[in-house]
Every structure is written in C-alpha cells, then in structure tokens.
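S.K.: Residues per chain are reported as follows:
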Amino acid sequence: GAVVSQHPSWVICKSGTSVKIECRSLDFQATTMFWYRQFPKQSLMLMATSNEGSKATYEQGVEKDKFLINHASLTLSTLTVTSAHPEDSSFYICSARSGEGATDTQYFGPGTRLTVL
Amino acid sequence: AQRVTQPEKLLSVFKGAPVELKCNYSYSGSPELFWYVQYSRQRLQLLLRHISRESIKGFTADLNKGETSFHLKKPFAQEEDSAMYYCALVRGGFGNEKLTFGTGTRLTIIP
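Order-wise, the sequence lines are chains R and U.
Here this note's numbering is used: the first residue of the first sequence is -1, the next is one more, and so on.
Here this note's numbering is used: the first residue of the second sequence is 562, the next is one more, and so on.
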C-alpha cells in the first residue's frame, strides 16, 4: 500500500528557532499534500493544503508566514515552523493524496511531535 | 458550516458484544463521509468510506441523510478493535476536497 513518511518523528527546539518537517510519499506521486495539527486528546485540524508547484492554501486562522509550506516535487512537501514559540508545541501530521477527487484516499504520515522550550 | 460530531470520547465494550460508534454531521450538500482508525502507536488509516458501501474488518457504516448520521457498527467486538476512531467529512468543491474530522472516540474492548 501507499506509504507516507515524516521526518523527524520528534524534535525539541529552543524558542525563536525555526524547525523544518518533511513529508514524503514513498511509492506514489502526491498531487496534493495536507498538513494537520493535533493537540492532545483533540481532533486533527487542517492547517493547509499543498499542491505541487503552487502556493499552499491556508485555512482560516493559520498564519502563512509562521508556517511556511513548500511542495517542490510530487513526493515531497515541507512545513517550516518559523520563530517557534512554546504555543507551537504540538503533533504535526501530513497526508498525501494521489488524485484530486474526494474518493481518492489520503494516506497519513506517522506524525512529528514538536516541543518548543 | 460543515461539522462532524462524535458525541462519545470514550466507549468501552465487552468482547463479543455489538459496537456502535456514533457520528453526526452537518453539511449543506451531498456528503462524502469516511471512518478513519488509529491503532496504538500507529498512524491514522482509512477504515471505510460510505460511497463504497463496504465492510472492513467486520465494520459497516450506513449514511442516514434523514438523521444526518454515519454511525460505525460491528456485531461482535474483538480485542484488536481497540483503537481511536475518527469520523470525517469531505468539504470543498471538485479538486479542492478537504477532510473535516470529528473529535474521535476511543474504543476499548474489554476481554
């Protein structure tokens, strides 16, 4: 089956630094990748939608200058948390979809736990 | 506004007993609904989608437009069914589909 990887699986950083998280589709080409954020014991909240070769579309309330998304190829999308602060600590999950339709499955990565000190 | 409600955060069921995980939605158009499952220490994965009308691992879910529900059911629970279950709704137009997730229900099967 389709596999999506994320790197790193966890990261601890100091307040004010930037952190990059990679999301890769290992055995398929992903026309669209999604970035979610999950707080403890809460649901996944969509942050942004990333299409290869174009600018990401951010959900309402998500700062695009804070969470930079780059989808440079059909197998890689990156999320950079810039000038991270403790409130950015969370579990970040990406997913990848090969097609454009609602019935095309999203395959999820294992997530990246970010802790900002 | 599109919304998915899973009223039960926690659900415990004895092995062999029937399971029903509730999901209600609000959506102005024709909904596309999914159930995702996350087993312990594993990633989120698709369990089933309403459009396929399939049964996966003994689970079924029927879309009830009158009650705006998409409850997940299994007649006889098994220990390996213990997991976190999320109901999800597709929103957005063609080519712009996105998932809205419910808050999830943690199912525990009691041996």
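These aren't lab readings, by the way, just hints derived from the structure by calculation.
For clarity, every value in this text was computed on a predicted model and none was experimentally measured.
Just so you know, not all the hints are guaranteed correct.
Under the rule of at most 27 Å between Cα atoms (straight-line distance), these lysine-lysine pairs were calculated in the DSS-like manner [unchecked claim]:
(1) U/LYS659 - U/LYS618
(2) R/LYS64 - U/LYS583
(3) U/LYS618 - R/LYS39
(4) U/LYS634 - R/LYS18
(5) U/LYS576 - U/LYS659
(6) U/LYS583 - U/LYS618
(7) R/LYS53 - U/LYS659
(8) R/LYS39 - R/LYS53
(9) U/LYS576 - U/LYS618
(10) R/LYS62 - U/LYS570
(11) R/LYS39 - U/LYS634
(12) R/LYS18 - R/LYS53
(13) R/LYS62 - U/LYS659
(14) U/LYS626 - U/LYS576
(15) U/LYS634 - U/LYS659
(16) R/LYS18 - R/LYS62
(17) U/LYS570 - R/LYS18
(18) U/LYS576 - R/LYS53
(19) U/LYS583 - R/LYS53
S.K.: Now, for every hint given, state plainly whether the structure supports it.
M.R.: To see whether the hints hold, each was checked on the structure:
1. U/LYS659 - U/LYS618: holds (26 Å)
2. R/LYS64 - U/LYS583: Not satisfied, since the Cα-Cα distance of roughly 36 Å exceeds 27 Å.
3. U/LYS618 - R/LYS39: holds (25 Å)
4. U/LYS634 - R/LYS18: Cα-Cα ~40 Å, so violated.
5. U/LYS576 - U/LYS659: Violated. U/LYS576 to U/LYS659 sits at ~35 Å, over the 27 Å cutoff.
6. U/LYS583 - U/LYS618: Satisfied, since the Cα-Cα distance of roughly 18 Å is no more than 27 Å.
7. R/LYS53 - U/LYS659: The given pair, whose Cα atoms are some 16 Å apart, holds under the 27 Å limit.
8. R/LYS39 - R/LYS53: violated (31 Å)
9. U/LYS576 - U/LYS618: Measuring from Cα to Cα gives roughly 15 Å; hence the hint holds.
10. R/LYS62 - U/LYS570: Distance ~32 Å between R/LYS62 and U/LYS570 Cα, so the pair is violated.
11. R/LYS39 - U/LYS634: holds (23 Å)
12. R/LYS18 - R/LYS53: Satisfied, since the Cα-Cα distance of roughly 17 Å is no more than 27 Å.
13. R/LYS62 - U/LYS659: holds (18 Å)
14. U/LYS626 - U/LYS576: Violated: U/LYS626 and U/LYS576 sit about 31 Å apart, past 27 Å.
15. U/LYS634 - U/LYS659: holds (25 Å)
16. R/LYS18 - R/LYS62: Cα-Cα ~14 Å, so holds.
17. U/LYS570 - R/LYS18: Violated. U/LYS570 to R/LYS18 sits at ~32 Å, over the 27 Å cutoff.
18. U/LYS576 - R/LYS53: Violated, at about 49 Å.
19. U/LYS583 - R/LYS53: violated (37 Å)
Violated hints, in rising order: 2, 4, 5, 8, 10, 14, 17, 18, 19; the structure is consistent with all others.
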